[in-house]
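Got chain A; can you put chains B, C and D on it based on the hints?
So you can see what is in the structure, the chains are spelled out below.
There are 4 protein chains.
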Amino acid sequence: MTQLIGKRSWAIPEGYIPAESTGDDPALESHETVCVLNTTDEDANLEITVYFPDREPVGPYEKSVPASRTRHFRFDAFEEPEPIPRGEPYASTVQSDVPVVCQHTRLDSRQAENALLSTIAFPDG
Amino acid sequence: MTQLIGKRSWAIPEGYIPAESTGDDPALESHETVCVLNTTDEDANLEITVYFPDREPVGPYEKSVPASRTRHFRFDAFEEPEPIPRGEPYASTVQSDVPVVCQHTRLDSRQAENALLSTIAFPDG
Amino acid sequence: MTQLIGKRSWAIPEGYIPAESTGDDPALESHETVCVLNTTDEDANLEITVYFPDREPVGPYEKSVPASRTRHFRFDAFEEPEPIPRGEPYASTVQSDVPVVCQHTRLDSRQAENALLSTIAFPDG
Amino acid sequence: MTQLIGKRSWAIPEGYIPAESTGDDPALESHETVCVLNTTDEDANLEITVYFPDREPVGPYEKSVPASRTRHFRFDAFEEPEPIPRGEPYASTVQSDVPVVCQHTRLDSRQAENALLSTIAFPDG
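Going down the list, the sequences are from chains A, B, C and D.
The first sequence stops at residue 125 when you use our numbering, and every number in between is there.
The second sequence stops at residue 125 when you use our numbering, and every number in between is there.
The third sequence stops at residue 125 when you use our numbering, and every number in between is there.
The fourth sequence stops at residue 125 when you use our numbering, and every number in between is there.
So that you can see chain A by itself, here it is in the shape it has in the complex (with noise of 0.2 Å):
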């Protein structure tokens, strides 16, 4: 019914996981996701590399989006091949083995009211 949709190859130049949270609801900490559709019939295994103002870029951090679903992965929870600082800025790309579309959101709860920033990432490839 659904016509593939997607690229291979994702930027995501903007990155900043807020150091501080407003409140207990883990739904309203400050955190930033990559959502990652996959609209193929092949599950998408994705290579997410991080990159930082002054030092090498870290990955792949390895995920995976089965076929016909989406995920959206919070930065704040990477942990492999290490966590991701707080309170830095950071960049991202994503690279998968089928076509997929990604989206980046942030939450931001430093304040007692949300602020929120979406954007469909780069594409390429």
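Honestly, the hints are just simulated from the structure, not real lab data.
Please note that the accuracy of each hint is not assured.
Note: identical chains are not told apart, hence a pair may lie in one copy or across any two.
Capping the alpha-carbon separation at 20 Å, the derived lysine to any residue pairs in SDA-like fashion look like this [to be verified]:
{"hint": "1", "residue 1": "Lys63", "residue 2": "Glu29"}
{"hint": "2", "residue 1": "Lys63", "residue 2": "Pro53"}
{"hint": "3", "residue 1": "Lys7", "residue 2": "Asn45"}
{"hint": "4", "residue 1": "Lys63", "residue 2": "Thr49"}
Quick look at chains B, C and D alone, frame taken from chain A:
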């Protein structure tokens, strides 16, 4: 006066209808929309498919946008084939039989003050 | 110094000027803008068309952006051929006789604290 | 591991650094950034040009992003050839000698609670 503009296939990887809202005004209830613009002189027949992290996609949700009109569809108002649950991640695709343009917006009113996000959806085809 | 950059046709499916605002500062009144950048050495003559859910499109709203200038047009300041009603969904297209770049932004000040959204418009042509 | 991704020319039509901020934390001062990701193995030399509604463009502001690094540039920190005034509309272009990816973000802290906007810039070349 206006040139034909748009694509027949669109994807929105980010989807999340907050479970809570503040206040009684329906316009300020937490919601997500896909705004569709049809600049052609033919009615656009849309098939929207909704994807989830751990179960089969649901759809098509059938919508239409008359020639030279715009329609802003609220995901929380989708009923057939089934409502979209609040508080759970999802993603969506839009297929149209004529070229259209799609934009994704969320109003989050979980707290006293609103937050907004928006992006042009990812086009293909 | 700067390369020519842009397209002649743009679409913004999301449009909504909140009916209410908080406070007296005109810069903080709820509004939407289309920001247009003209990097060429010729003046850009724009025709903006506004689309609605249930009636004929209105336009063209005629605007211009001088060579090597940017102009940020507030939709709530449009007067000819007619003002855009607050509190109702709309969409818009921008046609230019030279390449330009368009970005859509909303400031929502219905509540005490503002919310913002922005996206590059959808290009064509 | 990562494929080369990006373009050499980018435009950001929306620009506005709010004149006011709330609080003393520099990270929460109202500001705009252009986030630049350089995935290549060569340093990126950038020329940023700033456009205004009613006067000649200013630039180039010369910036660099080392190979395999990201840099998030705050427009309110630009000094040479001249600072960008707060409270006035502007726009910008970024020219790079190697492919990069650019994203535009604003933090508005004029009021007690922040608002955020972000979008991938418009690519060309």
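First find the shortest C-alpha distance between Lys63 and Pro53 inside one copy, then the shortest across copies, and answer within, between, both or neither for a cut-off of 20 Å. between (24 Å within a copy, 13 Å between copies)
Using 20 Å as the alpha carbon limit, work out where Lys7 and Asn45 are close: within a copy, between copies, both or neither. within (13 Å within a copy, 25 Å between copies)
Given identical chains, is Lys63 near Thr49, meaning Cα to Cα at most 20 Å, within a copy, between copies, both, or neither? within (11 Å within a copy, 24 Å between copies)
How would you label the pair Lys63, Glu29 (within, between, both, or neither) given a Cα cut-off of 20 Å? neither (22 Å within a copy, 34 Å between copies)
In terms of the numbered hints stated before, the structure departs from hint 1 and from no other.
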